[in-house]
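Undergrad: Here is what each chain is made of, one letter per residue.
Protein chains: 2
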Amino acid sequence: MPSEQPNTGKDERHAIAVLVDNEPGVLARVVGLFSGRGYNIDSLTVTEVSHEENQSRITIVTHGSPAIIEQIKSQLGRLVPVHAVTDLTIKGDPVERELALIKVAGKGEKRVESLRLAEAFRAQIVDATTEHFVFEITGRTSKLETFINLMKPLGLVEVARTGAAAIARGPEAM
Amino acid sequence: MPSEQPNTGKDERHAIAVLVDNEPGVLARVVGLFSGRGYNIDSLTVTEVSHEENQSRITIVTHGSPAIIEQIKSQLGRLVPVHAVTDLTIKGDPVERELALIKVAGKGEKRVESLRLAEAFRAQIVDATTEHFVFEITGRTSKLETFINLMKPLGLVEVARTGAAAIARGPEAM
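Protein chains in written order, with our numbering: chain A, 1126 to 1299; chain B, 1126 to 1299.
Since the hints were made in silico from the structure, they are not lab data.
Heads up, a few of these hints could be off.
[Unchecked claim] Example chain A residues on the side facing chain B (calculated, C-beta under 8 Å, incomplete):
#1 PRO1149
#2 ILE1166
#3 LEU1169
#4 THR1170
#5 PRO1191
#6 ARG1222
#7 LEU1224
#8 LYS1228
#9 THR1263
#10 LEU1279
#11 VAL1282
#12 ALA1285
#13 ARG1294
#14 PRO1296
[Claimed, not checked] No more than 30 Å apart at the CA atoms, straight line, and that leaves these computed lysine-lysine pairs for DSBU-like:
#15 LYS1277(B) x LYS1235(B)
#16 LYS1232(B) x LYS1216(A)
#17 LYS1268(A) x LYS1232(A)
#18 LYS1232(A) x LYS1216(B)
#19 LYS1216(B) x LYS1277(A)
#20 LYS1268(B) x LYS1268(A)
#21 LYS1198(A) x LYS1235(A)
#22 LYS1235(B) x LYS1216(A)
#23 LYS1198(A) x LYS1268(A)
#24 LYS1268(A) x LYS1216(A)
#25 LYS1277(B) x LYS1216(A)
#26 LYS1232(B) x LYS1277(B)
#27 LYS1198(A) x LYS1216(A)
#28 LYS1232(A) x LYS1135(A)
#29 LYS1277(A) x LYS1235(A)
#30 LYS1198(B) x LYS1216(B)
#31 LYS1216(B) x LYS1235(A)
#32 LYS1235(B) x LYS1198(B)
#33 LYS1216(B) x LYS1135(B)
#34 LYS1216(B) x LYS1268(B)
#35 LYS1198(B) x LYS1277(B)
Positions of the beta carbon are idealized from the N, C-alpha and C atoms, including for glycine.
If we strip away everything but chain A, and leave its shape as in the complex, we get (with noise of 0.2 Å):
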């Protein structure tokens, strides 16, 4: 989601985890937070961590000057059902690992060539008719996207994206 906040500085993307208490509303206050002064959303993943615990895990990534990324880890951070926000980016390059399903329905050469480009980039096959492939692709967002940019001129007919997942490299928890 685009953003109305000025540039006042060079944007960096950073992937930022939250974990919160798992009850009404509180994915509402996280959003409504970004929303509201105007950061940007370039992904968001929301999901149990467990459901003994009774937690979940957001995993935002965002971009923006350095200040404004500063501001809102602090803002997260404030919010009461919160636990804890790590910025993974800061901690180090984190493994940041996204899902596409990419609908494909090319006929003659760009059916084989959609299949040739899906093996290229192991792309898994998880759906098909003679008409279409379903693809399963999985990587950073960038190898994504450079892969869905590829299917255009071959029959591109959809894209479901799940967002980037990140985590800390090393044996420790955020």
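With the hints as your guide, set chain B onto chain A.
TA: Chain B in isolation, oriented as in the chain A frame:
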């Protein structure tokens, strides 16, 4: 995120795709609709469809009685910047895939066993030291949860999941 919604029928799990204009505040309104009425969000992902088209796709996995699911779809369809609401579960059994990054730091036999299970579940090692592994696993949510539960006694440190991406089977778009 859990719900305060009264249980008025047998719960069903639905994956709903929402195509929206990529403008500030849209995600907040969609999330606000769920939290305001106490609808469940099992997972939510939002990503840009493409830079050119200036649209985002939100995939929400929710559960509720058939009446609640109908309410959710109807209310989503009435939000202004929403272009399309598709209940992928109603259209048939969608292709649904999620990705998880799973950090495990077991010692000795636990470490060996975590590797064995990773191989059985076709998980990839995407980061490792002598003390830990980060596994990447993709598949249906239930498969990911089984794997995560198996890792718990083997030194599970942390899990980052993307939530589900879903796409209808067959050559047509949503």
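Undergrad: Against each hint, give a clear statement of whether it holds in the structure.
TA: So, going through the hints one by one against the coordinates:
no., hint, verdict
1, PRO1149, "6 Å, holds"
2, ILE1166, "6 Å, holds"
3, LEU1169, "5 Å, holds"
4, THR1170, "5 Å, holds"
5, PRO1191, "21 Å, violated"
6, ARG1222, "6 Å, holds"
7, LEU1224, "4 Å, holds"
8, LYS1228, "6 Å, holds"
9, THR1263, "6 Å, holds"
10, LEU1279, "14 Å, violated"
11, VAL1282, "5 Å, holds"
12, ALA1285, "4 Å, holds"
13, ARG1294, "5 Å, holds"
14, PRO1296, "4 Å, holds"
15, LYS1277(B) x LYS1235(B), "10 Å, holds"
16, LYS1232(B) x LYS1216(A), "25 Å, holds"
17, LYS1268(A) x LYS1232(A), "25 Å, holds"
18, LYS1232(A) x LYS1216(B), "25 Å, holds"
19, LYS1216(B) x LYS1277(A), "25 Å, holds"
20, LYS1268(B) x LYS1268(A), "25 Å, holds"
21, LYS1198(A) x LYS1235(A), "46 Å, violated"
22, LYS1235(B) x LYS1216(A), "27 Å, holds"
23, LYS1198(A) x LYS1268(A), "27 Å, holds"
24, LYS1268(A) x LYS1216(A), "22 Å, holds"
25, LYS1277(B) x LYS1216(A), "25 Å, holds"
26, LYS1232(B) x LYS1277(B), "13 Å, holds"
27, LYS1198(A) x LYS1216(A), "14 Å, holds"
28, LYS1232(A) x LYS1135(A), "44 Å, violated"
29, LYS1277(A) x LYS1235(A), "10 Å, holds"
30, LYS1198(B) x LYS1216(B), "14 Å, holds"
31, LYS1216(B) x LYS1235(A), "27 Å, holds"
32, LYS1235(B) x LYS1198(B), "46 Å, violated"
33, LYS1216(B) x LYS1135(B), "19 Å, holds"
34, LYS1216(B) x LYS1268(B), "22 Å, holds"
35, LYS1198(B) x LYS1277(B), "37 Å, violated"
Of the hints listed earlier, those the structure fails to meet are numbers 5, 10, 21, 28, 32, 35, in rising order.
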